[in-house]
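Undergrad: Please build the complex by placing chain U on the supplied structure of chain Z, with the hints as guidance.
The chain contents come next:
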Amino acid sequence: GEDVEQSLFLSVREGDSSVINCTYTDSSSTYLYWYKQEPGAGLQLLTYIFSNMDMKQDQRLTVLLNKKDKHLSLRIADTQTGDSAIYFCAEKGADSWGKLQFGAGTQVVVTP
Amino acid sequence: GAVVSQHPSWVICKSGTSVKIECRSLDFQATTMFWYRQFPKQSLMLMATSNEGSKATYEQGVEKDKFLINHASLTLSTLTVTSAHPEDSSFYICSASGDQETQYFGPGTRLLVL
Chain Z
1 GEDVEQSLFL
11 SVREGDSSVI
21 NCTYTDSSST
31 YLYWYKQEPG
41 AGLQLLTYIF
51 SNMDMKQDQR
61 LTVLLNKKDK
71 HLSLRIADTQ
81 TGDSAIYFCA
91 EKGADSWGKL
101 QFGAGTQVVV
111 TP
Chain U
1 GAVVSQHPSW
11 VICKSGTSVK
21 IECRSLDFQA
31 TTMFWYRQFP
41 KQSLMLMATS
51 NEGSKATYEQ
61 GVEKDKFLIN
71 HASLTLSTLT
81 VTSAHPEDSS
91 FYICSASGDQ
101 ETQYFGPGTR
111 LLVL
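Protein chains in written order, with the working numbering: chain Z, 1 to 112; chain U, 1 to 114.
Bound-form chain Z, shown alone (with noise of 0.2 Å):
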């Protein structure tokens, strides 16, 4: 099946940026997706990139995509203690029904 691959952990300090990487293997990808999950919650929508996009910016965020190497980052500025939480990589194919393959996602740590 398709992988989704993500680094397990990230420690960074209160007010740098933080850079969590993902890579996919599906070349027919259409969109990919980040989201944040917070302990004992569901996952939150933090921004999402279609697959003919290089970069998109949103606040704090921003999302760059490099499609020949399968390569999707996210890049968190001025990155606070409330950002502390598990981010999730997700992959939504061609033809996948809607269908989302999900790293295993990235614990970033913020610390003071």
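Think of the hints as simulated: they come from the structure by calculation, not from any bench.
By construction, the Cβ of each residue, glycine as well, lies at the ideal position given by its N, Cα and C atoms.
Any given hint could turn out to be false.
Here are some chain Z residues the structure puts well away from chain U; computed CB gaps all over 10 Å [stated by the list, open to error]:
hint	residue
1	V12
2	M53
3	P112
One-sided and incomplete, this derived list gives chain Z residues near chain U with beta-carbon spacing under 10 Å [unchecked claim]:
hint	residue
4	T30
5	F50
6	A104
TA: Same frame as chain Z, now just chain U:
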């Protein structure tokens, strides 16, 4: 906008009983709803996809007679865990999509079977 609710948020039941979990899209019509299961410190595992008015499509390895899914309206889907056993204890999360482009997730339901 795009709010999805789940009820109950947590439930404890005895082994052998059935548990129903509701998933509602509060401010949009969801043509498709998805049910996921998440084990501690793991990613989400898709259990089934349901389209309004039709039978759910189950992922490989998910027992359709064990996990009954009903999607009777554009704003409501239910998951019933029948004859629950301790190994069914998990965090169940639903998501809803109205446009095949974005999925919005509910807050999850934690099930503990004793």
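Undergrad: Give a verdict on every hint.
TA: How the hints compare with the structure:
1. V12: holds, 20 Å
2. M53: holds, 13 Å
3. P112: holds, 24 Å
4. T30: holds, 9 Å
5. F50: Holds, because the Cβ-Cβ distance from Z:F50 to chain U comes to roughly 9 Å (cut-off 10 Å).
6. A104: This interface hint holds because 5 Å falls under the 10 Å limit.
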